[in-house]
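Engineer: Okay, here's what each chain looks like letter by letter:
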Amino acid sequence: MLARLALTALTLAACLPGARALFPDEAGRIDWYRAQIGAPTALIPHTHNHTALLYAATQRNVVAALRAADGQLAWRHVLDGPISAFSVRDARVLTQSGANHSHVHVWDAASGGLEWSFAQPAPGRGAVFVRDCADVIALAGDALVRLAPGSSEPAWELPLNRTAAYSRIVVHNDAVFAIGDAPQTRSAKRRLHVVQVDAATGALRKQYDTAEGIALRGGSVVVLESREYGAYMVWREPENIVWYVHRLGLTAPMWELYHAKLVEIELMPPDMLTSTIAELDIDAGLNDNTPRFSLSYSKDGKSKSVVVEMFRDGDRLEMRKVASFLADGSAIAASPRRSVVAVRPTDTGAAWRVRGGDKHAGDYTYARSAYGPVARAALVYVGDEPRVVVQTRSGQLAALRPGSSEPLWTRNEALGHAADMAFLTLPPPASAAEHAAKETDPSVQPSPVARYILRWVATGRALVEWVAAGFGIASGDRPALAPTEGDHFGFRKLAVFGASTGAVTAVSSQDGAHAWSHYLTHGRTPVRIERVFVTRSSQALSTDAPVIVAAGRARNATVVAAFDALTGRVLSEDTLPLVYARAFELPATDPATGQRLLGFAVAGAEPRVAVWPPTADAARALCAHTAPLYVELGDQAGSTAVHGYRVACADVTEPWLAAEPAWEFALPAGETLISATRYEHGAQHTALQGRVLGDRSVLYKYINPHLGVLATQRAAGGIAVYLIDRVSGRLLHSVVHEQAVVSRAHPFVATLSENRLVYQFWRGLPAGYVTAVAELFESDRPDTRNESPAVSSLDLQLPSVVMAAFVAPEAATALGTTRTGSSITTRDVLFGLASGKLLALPDALLDPRRPMGAPTKDEQAEGLVAYAAPLPLDPRRVLSHGHAVAGIAHVRSAPTHLESTALVAAFGLDVFFSRTSPSGLFDQLSPTFSKANLVITSLALVAGCLLGAPMVRRKLTTRAWA
Amino acid sequence: MSPKVYADLTSLAKTKTKLANPPGFNPQSSSTSNASTHQRADDSALRASKAWEIAIAPGKSLPMQAFMAWMSGTSVSIFSILITGMILMTPAKGLLSVQQTFAPIERVKGAKVDLSMQKLVFVAINVAGILFGIYRLSIMGLLPTTTSDWLAFIPAKQHLEHSV
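Protein chains in written order, with the numbering used here: chain B, 1 to 962; chain R, 1 to 164.
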């Protein structure tokens, strides 16, 4: 009896940790969202209605306003292409953007609302406001136009007839100057060409060449605008110490100032030869009358930057020093006040100084290995307090103030450049007893049984302590969980992003909490990271840390860095002297480190696969893998043929293996590749090898992990989709969509999972976007399959393909499929929509076997619903709820320890994480489940047993006596 | 030693008192050998007849069971499962207790009657009942007779090559 009681008490006690798993503030919070802007290319401070704002144009084609006080977004717009012009004037923001065309947008600076816009059918080269009115002068392609709000036609348009590569426009009073690099010829040196146009009529007044030997870009010339005194160009003659100041439009004399005194005082002639010159008032609206620029030189370990402003003294144009800074690598920025700020790198991070008007100084303590050196700075005033915003090369923004080395706020904009992301499953939290056992005996292996027993021991101790403490109620303080601590359900994973800015960033998939960062460089160049891999997964209480590997390009090399996934410590950094075509995981582990091997396929005359870690032993370990390994090359956009190679394993003495040609898949004449799709890691896994029909027969799935999907653009119009086997190069199926149109605005997107391919394309109006689904079976006859337990792609049978097309709800920029632990749960197809929604459509809606008419009894039994062309945009299926996740380029999913639940991530520009249960929470208690009732029932049963036992005993005795 | 609380009646047996027949009783009429043979034959026929009734009794309930099965439908629900269970259990119990069922009439006071045919019919009808129950299970989809029932046990195919 006592044993039973003890067992019951222990069982109840074992429930306690489970009941503690969720904290009140976590209830219902299953997702997080972060709006990104990308790494800024220009930061313009501006105060509007007493609110200090920082306007940013970024590499991700975003124009945004950040509140200087807290770093939050006041507003943001994702533009349609690279930003070629950006300025702020009179509570308006001007942008010019576009790739093959250009759009001029004028935004309200406070609200971000669009005031007006204008489109031009040529790439933008610059746009500026006309002073004291809302008009804009814009240069697109070869046409200079004056645009006015409220008018759909330009006030005037002037073709410049390609006399130069214009890239700068200056407006002063009634004149517009277009400045560009004049075409170089054998007889004519490099020089600048200036066109002067009447601002009111657009009439060409004058054009001339000037600044011989100078190009607009390259730090050798600045263009300064003074509201009162006119517009000037300042440059230094190449290989000379002579400085020229040219007033735009004035050709006699060509230069107004010569041998500026100040320049001679501040820079000695030998230093001057290495100096560069840069504009500080990147937006002319910042400083109307005394435009500033900086002179910098670095020589023999010494460096100096001088900030100079230009002014007029009577008839004479003068220059005077505003401030000077002694340091190399400084980022200098001006503010609307006279002050300028310089941020220079130090051993502990960066130091900043404000000079000119105010005098402030401070430090910014941060790990340069995590975020890189300072790239850009901005000075903005909140009231009268300066805020220095520092941008690092990895893309992090930090706001600093005097007297504190800790930033007021930070924004990690590297996530906006994420090219790849890997989920790392974190080890479940180990109890104190487990840790104690591990410390006592490090050889304790974390077997599930051992861990279970240890957990019981820990629970028993906790129960005793709780009783000893007088049944006290635990305080409501939530223990802080580090981002690298896992949970029992597998919801808390580490999401490691690799960005094209060289940043590797690890955040918690649960709440986005930052775990660690690293800035990866090759020399001083940031590595353009393209892939992130988990090469060693985590295990509870294991001494081998999980390893994350980031791989990317830098000039003519490939950089591969391995990190301890829990701490961010760099374990190794290898530079491979190769330019890879594809990077992938290899089906073998390194005998030395126990890590998964990585492969880098190199195209060329002698194609090969370089192995990482770069050791011959690693390459030999791959060769010990008995299955022949195939790799294909030439599957990038624009290709006309895809080639397959078989990796050769003879005489391995180098950390690479030769690739022998195995097959060629040449596209039909006139077709070029748009995209290639393969299975993502684990997407081909399936719990059931067939599909059960209504009559209980089975259509067997065609599961081929070597399946590849090639989408091509046809010269005759439309697209073709080919399903090929990537081992044999055989064509398995093809389909042509003659009316499809694929372009940058209407991308082709696809996802492959199990035996189903889903892809989407634009079919023109009225059909709109079409989602096509192809399901592959071994045979079109039920209960027919190839019984062989082992199959070779070289003698593979063709699949039977069932296809259907649906009208997609919206344009999709990325597709994905949910993944669960055992693939028992049905899979949702995830649509990353251009409108920023992440939509999850269930398997059943995208079933190509949906009957055209009313479903028969068997079809009903199969779970089929009648075909309907439109796919619904059901708000309940939008995982992103009200968030507009901008620029979704990747949709990823990872399984949790609960079969019903999958983690989902969408990233590209913004980052969004959530979790979803395509088949419902079948393995979790419903929210209405009463744990109290369960406990009461259990206790009542125990009490019933205790009360009933004597009665039963008495009855048995009586019966024995009868 | 248990207390002697009862009367010892053994002495009564020793008296051997011959009691007179009751008035009107003719011992001749009940003890002739011909009459005895005739009566035994009648008894056997009676028991055989009774055994046939027992043998076909399960068959009489079959139409009712079929009607109940039809009423409960072929969907898998608590009622159809209960009724199918009953349809299966009743004949199964009958089959397990064939000897007990016929024992009271098969051997009376040492006289055994051959009821093999009845038993055979009894078994046949019960087997038919079980077959009907199995048919019910089959149409309810509860018998693992199709390929889909064994689908979960089919292992994934091994692919002889590897592609990356």
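One or more of the hints may lead you astray.
[To be verified] Below are the SDA-like pairs computed for lysine to any residue, each with C-alpha atoms no more than 20 Å apart in a straight line:
1. B:K857 <-> R:M140
2. R:K157 <-> B:K304
3. B:K857 <-> R:G141
4. R:K157 <-> B:S822
5. B:K701 <-> R:Q100
6. R:K157 <-> B:T626
7. R:K157 <-> B:S779
8. B:K857 <-> R:Q65
9. R:K157 <-> B:E680
10. B:K857 <-> R:P155
11. B:K701 <-> R:A128
12. R:K157 <-> B:T686
13. B:K701 <-> R:Q65
14. B:K857 <-> R:S75
15. B:K701 <-> R:K157
16. B:K857 <-> R:I139
17. R:K119 <-> R:S97
18. R:K157 <-> B:T784
19. R:K60 <-> R:D149
20. B:K304 <-> B:A252
21. R:K93 <-> R:G73
22. R:K157 <-> B:K857
23. B:K857 <-> R:V76
24. B:K857 <-> R:S138
These are computed hints drawn from the structure, not numbers from a lab.
Engineer: Starting from the hint list further up, note which numbers the structure goes against and sort them upward.
Structural biologist: Result: hints 2, 5, 8, 10, 11, 13, 19, 20, 21, 22 break, sorted rising.
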